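Participant: Let the sequences and hints guide you as you build the complete structure.
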Amino acid sequence: MSYLDLLKLASPEAIVVLTALVVLAIGLTTGQRTVATAVSVAETRKPASDAFDTTATASALCSFVAALGLVLSASAIFMLPQHAVLFHGMLVISPLNSLFKIISLALAFFTIIVARGDRFLPNRGEYLGMILLGTVGLMLLVGSEELLMIFIGLELTGLSLYILTAFDKSDIRSAEAGLKYFLFGSTASAFTLFGLSLIYGMTGTTSLADIGQKLSAASVSPLLFVGIVMTLVGFGFKVAAAPFHLWAPDAYQGAPIPSAAFIASGSKVASFVVLGKIVLVGFAPDAGSAAWHALIAGWAPVLAVLAALSIVIGNLVALVQKNVRRLLAYSAVAHAGYTLLGLVAGGRDGFSATLFYTTIYAFTLVGAFGVVGVVRRETGGDDLQNFAGLRTRSPLLAGCMAVFMLSLAGLPPLAGFFGKFYLFSVALRAGDNQGLLWLIAIALLGSFISLYYYLIVLKVIFLGLVPSEAERGKTSASIEMLPPPADFLQKSSLSVLAGIVLLLGVIPAPFVAWLIASMP
Amino acid sequence: MIAWTIYITFIGAVVLLFVPCTFARWIALITTAVGLVVSLATFFCDQIDLAHFTTIVRVPWVPMLGMNYHLAADGVSLTLVLVTGITALSAVLFSWDVEHRSNEFFFWLLLVVGGSYGVFLSADLFLLFVFYELVIVPKYFLIATWGSTNKEYGAMKLTLYSFLGGTLVFIGIIAAYATSAKANIGSALDLQALAQFQFPMQLQSWGFPVLFLGFAVLAGIWPLHTWAPTGHVAAPTAGSMLLAGIVMKLGSYAGLRVAMNLFPQGFQMWRNWIAALAVVGIVYAAAVALRQRDLKFVIGYSSVSHMGFVLLGLGTANALGVSGAVLQMFSHGVIGALLFAIAGMVYRRTHTRDLDALATMGLSRTMPFAAFAFVIASAASMGIPGFSGFAAEITILIAAWKAYPIAVWITGVGMVLVAAFTLRALKRSFFDSGVALTGGATSASFVDSGGTSSVSSGERFEPITLAEKFGACLLMFTTLAVGLYPKLLLDRIVPAVEAMRFLTK
Numbered sequence: 001m002s003y004l005d006l007l008k009l010a011s012p013e014a015i016v017v018l019t020a021l022v023v024l025a026i027g028l029t030t031g032q033r034t035v036a037t038a039v040s041v042a043e044t045r046k047p048a049s050d051a052f053d054t055t056a057t058a059s060a061l062c063s064f065v066a067a068l069g070l071v072l073s074a075s076a077i078f079m080l081p082q083h084a085v086l087f088h089g090m091l092v093i094s095p096l097n098s099l100f101k102i103i104s105l106a107l108a109f110f111t112i113i114v115a116r117g118d119r120f121l122p123n124r125g126e127y128l129g130m131i132l133l134g135t136v137g138l139m140l141l142v143g144s145e146e147l148l149m150i151f152i153g154l155e156l157t158g159l160s161l162y163i164l165t166a167f168d169k170s171d172i173r174s175a176e177a178g179l180k181y182f183l184f185g186s187t188a189s190a191f192t193l194f195g196l197s198l199i200y201g202m203t204g205t206t207s208l209a210d211i212g213q214k215l216s217a218a219s220v221s222p223l224l225f226v227g228i229v230m231t232l233v234g235f236g237f238k239v240a241a242a243p244f245h246l247w248a249p250d251a252y253q254g255a256p257i258p259s260a261a262f263i264a265s266g267s268k269v270a271s272f273v274v275l276g277k278i279v280l281v282g283f284a285p286d287a288g289s290a291a292w293h294a295l296i297a298g299w300a301p302v303l304a305v306l307a308a309l310s311i312v313i314g315n316l317v318a319l320v321q322k323n324v325r326r327l328l329a330y331s332a333v334a335h336a337g338y339t340l341l342g343l344v345a346g347g348r349d350g351f352s353a354t355l356f357y358t359t360i361y362a363f364t365l366v367g368a369f370g371v372v373g374v375v376r377r378e379t380g381g382d383d384l385q386n387f388a389g390l391r392t393r394s395p396l397l398a399g400c401m402a403v404f405m406l407s408l409a410g411l412p413p414l415a416g417f418f419g420k421f422y423l424f425s426v427a428l429r430a431g432d433n434q435g436l437l438w439l440i441a442i443a444l445l446g447s448f449i450s451l452y453y454y455l456i457v458l459k460v461i462f463l464g465l466v467p468s469e470a471e472r473g474k475t476s477a478s479i480e481m482l483p484p485p486a487d488f489l490q491k492s493s494l495s496v497l498a499g500i501v502l503l504l505g506v507i508p509a510p511f512v513a514w515l516i517a518s519m520p
Numbered sequence: 001m002i003a004w005t006i007y008i009t010f011i012g013a014v015v016l017l018f019v020p021c022t023f024a025r026w027i028a029l030i031t032t033a034v035g036l037v038v039s040l041a042t043f044f045c046d047q048i049d050l051a052h053f054t055t056i057v058r059v060p061w062v063p064m065l066g067m068n069y070h071l072a073a074d075g076v077s078l079t080l081v082l083v084t085g086i087t088a089l090s091a092v093l094f095s096w097d098v099e100h101r102s103n104e105f106f107f108w109l110l111l112v113v114g115g116s117y118g119v120f121l122s123a124d125l126f127l128l129f130v131f132y133e134l135v136i137v138p139k140y141f142l143i144a145t146w147g148s149t150n151k152e153y154g155a156m157k158l159t160l161y162s163f164l165g166g167t168l169v170f171i172g173i174i175a176a177y178a179t180s181a182k183a184n185i186g187s188a189l190d191l192q193a194l195a196q197f198q199f200p201m202q203l204q205s206w207g208f209p210v211l212f213l214g215f216a217v218l219a220g221i222w223p224l225h226t227w228a229p230t231g232h233v234a235a236p237t238a239g240s241m242l243l244a245g246i247v248m249k250l251g252s253y254a255g256l257r258v259a260m261n262l263f264p265q266g267f268q269m270w271r272n273w274i275a276a277l278a279v280v281g282i283v284y285a286a287a288v289a290l291r292q293r294d295l296k297f298v299i300g301y302s303s304v305s306h307m308g309f310v311l312l313g314l315g316t317a318n319a320l321g322v323s324g325a326v327l328q329m330f331s332h333g334v335i336g337a338l339l340f341a342i343a344g345m346v347y348r349r350t351h352t353r354d355l356d357a358l359a360t361m362g363l364s365r366t367m368p369f370a371a372f373a374f375v376i377a378s379a380a381s382m383g384i385p386g387f388s389g390f391a392a393e394i395t396i397l398i399a400a401w402k403a404y405p406i407a408v409w410i411t412g413v414g415m416v417l418v419a420a421f422t423l424r425a426l427k428r429s430f431f432d433s434g435v436a437l438t439g440g441a442t443s444a445s446f447v448d449s450g451g452t453s454s455v456s457s458g459e460r461f462e463p464i465t466l467a468e469k470f471g472a473c474l475l476m477f478t479t480l481a482v483g484l485y486p487k488l489l490l491d492r493i494v495p496a497v498e499a500m501r502f503l504t505k
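As they're listed, the protein sequences go chains A and B.
Under the working numbering, think of the first position of the first sequence as 1, with each following residue one higher.
Under the working numbering, think of the first position of the second sequence as 1, with each following residue one higher.
It is possible that part of the hints are untrue.
Unchecked claim - Coverage of chain B stretches by chain A, computed from C-beta distances (three or more under 8 angstroms per stretch; other residues unrestricted): (1) 56-65; (2) 122-135; (3) 140-147.
FYI, nobody ran anything at the bench for these hints, they're computed from the structure.
Everything numeric in this text was worked out from a predicted model, so none of it was measured.
In this text, a Cβ means the ideal position worked out from N, Cα and C, and glycines have one as well.
Facilitator: What follows is the structure, given as structure tokens:
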């Protein structure tokens, strides 16, 4: 294996890294001159127009280069061979991995669009660079079937996301969110690392496939379960499953909106992909059973408990939220619970249901955060009342938000409905005698509760009163000079996202077929 | 061809999003009119074998999971498609005056109609459920945006109840699906195939009540009926018409088509409970209606009471009773819509639905057409021979006599109560105000009372519009036609029902 081969097979990742460096360089050269004025932009909100223009041009350039890099990387993925394994599974190229690399790139792409025009970003180069590095982390994460590389991917993603969360220097909540996320995240990483090292110690290998083989031969030991549970704790944190979800509400609410969108989408998808691989390939022999009449110790009952807790806690707490981002955070906890159902069910069907659900969920959330971002830029907040009368201000955005919310609630003909049907039916078919019925009943009850709070958001949007003229006059004076709330590109990309959610709901067959075909 | 009812309606809904408001009502009118014409043509052309659930369209949808886009029709489903067409057209006619966000209004309205056509024609379990859930959210927006009294509460309550029912249905459906998928019959979600499939007893015994109750929430089964009166009251006129005319039928139809056909033994096990709840519903709702002051509450509770007959008919488990239930679905669809239409007509002009307030207005003089229509509707609702309500209810009661003689006695009490509250509402809303209707003294006493109620008699209400007259006449004609010649429908319903397997032999 020559280095040239390696470079060829790792070209998508390499392209993104290069793009990140280029974007950083652009930010450095153009941002330096205007950084002083740009900070004053954020503070006084009365920029001199020429300084503003320079920053705007530089920002646009950064965004463009970053987006270009992502597109190039995605096209590089199509050039790769169908299957290849490098270094004992450190880098695996398979249809599944390539598919999820593309999805990660697409999510990063939409995140960059969501980030357009945010005014907290005087040094956009750095911000986009961080998003790109996080994307590389996601690609490594989904493209690897080996414990060490998985951990590196986790850390690379995590560190980029911590920085992205704390990026808004003018907002104290952003710093708080970043710190919380970092502290929880590093503790969880420690758990994961400890768990993985225990597994390594028992099996003597870091390749998932080998671990699976060794474990099926080995007898079950308590130490193994300690290792498994510790690993799951770390991933429970990553996917924001209760009771490891405590960072999520603050991070979702405090982080800059594009960062929150990226945490909620990209990071979650990749974590589910890799969690699925670890439990279904690596720990396959120790699945146990979560069926109510045949409870067997293993990772399945652990995940089942996490799922049930997430669904109950997420949905109940979301009911009382007044801030849309916080509401989305708690609903994210609940959705993590639904998604885990597929893994509990296990098998190729279960995994593909999980992946279907988490993918559509990610696209939905990027879209929802995109709308939240526009509203925040327009009204200066993201509480429920800031959304009042959005319908009259922007029917298109209101329509998109309706699609996203109803898909999250799981109503047809949107993707969330099919996703739930797929997940729940797979879970019920798993094992014999419908042993997971208890979990599905909890999930369905949770999804019934969730309709209420999603409808509340829509009620405010469609029926709420527009803020009075006087109020608007007061705020509009101060945001006069700011960029328009949503430009054509943002609106069209939000419509595209809504279109994806609708299309995957009406015609899910091709995507499902693709997922099933690419299963290992 | 009948499949076009669905497509036309959804196409109309999408078109509405892109045209100026001025055309909205015309597009809605054309769409629903075409839907009605198509369903009438299919109903009377006999192209389809109405005795069996005959496939119309069948295209693979998600082959990996055995889902097909599969539409089929028999006499039962076509009857309900027909009532959907009639109610939808008259609902559009009765919302001719909607000016506020009219595009959106008709968009949601058409979604409800299209989804209902879809439910009645689906032959795939998943497809049916998609259409069934599709109807939920449009109802919320229809009521919460264009409704009246306490609209946001009523809309939310109705939506959550519907979704709760949907959740129960979801459990039942995936339980059935998981079982049939394991059994490796060709298509695990195909209603035609599943209607022949023998589900294990254990599943039937718990699956049936979950599934049926889930559907019955929408049919207004006691004690899960409370969404119906509040929802009806809060809804705009067209919304109430659709709710009473179509949406409540979705529940009873799906209960018949899915729950009873898939789980026949489960049905036999639980049918006494269905009949008991139905009888309680009939009497209870009628008794509550007797004490209501709001005209729409009276009608709302009467809907629950009438739907009780449907459930009783289903509970009898013999061909006559189930056919009667289907006939009652049709009949109540028309009568319920007519009653709400009249209430809307009155409310639009007087801005009150309070029976005491209406009693002082002498509306029979100022709105003779509305009074006439209300008399017809009340007669139909009470089950006077010659109207569709009589034909349906007498069929159900005859069938119930075989199965549950006691239920018939209790229902008899309920029918007296129905007559009582209907007459009370009729008198208070139109024929009160001290106008003596006896003998030749009419004019004299009218002058007298004119003095006392000069405030109300003095104001001139705007005349009943042509659209309203058309809509009301359509509904009145239908109830009369079916009442005088029920064979028209029964000829198509009975063979289809007799082909179903859950009947007691």
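Participant: Are at least 3 residues of the region 56-65 of chain B within less than 8 angstroms of chain A when you compare beta carbons?
Facilitator: Coverage by chain A holds for the region 56-65 of chain B (6 residues, Cβ < 8 angstroms).
Participant: Check whether three or more residues of the region 140-147 of chain B sit with their beta carbon closer than 8 angstroms to a beta carbon of chain A.
Facilitator: holds (count 4)
Participant: Quick check: do three or more residues in the region 122-135 of chain B have a beta carbon closer than 8 angstroms to a beta carbon of chain A?
Facilitator: With 6 residues in contact (Cβ-Cβ under 8 angstroms with chain A), the coverage given for the region 122-135 of chain B holds.
Checked against the numbered hints above, the structure violates none of them.
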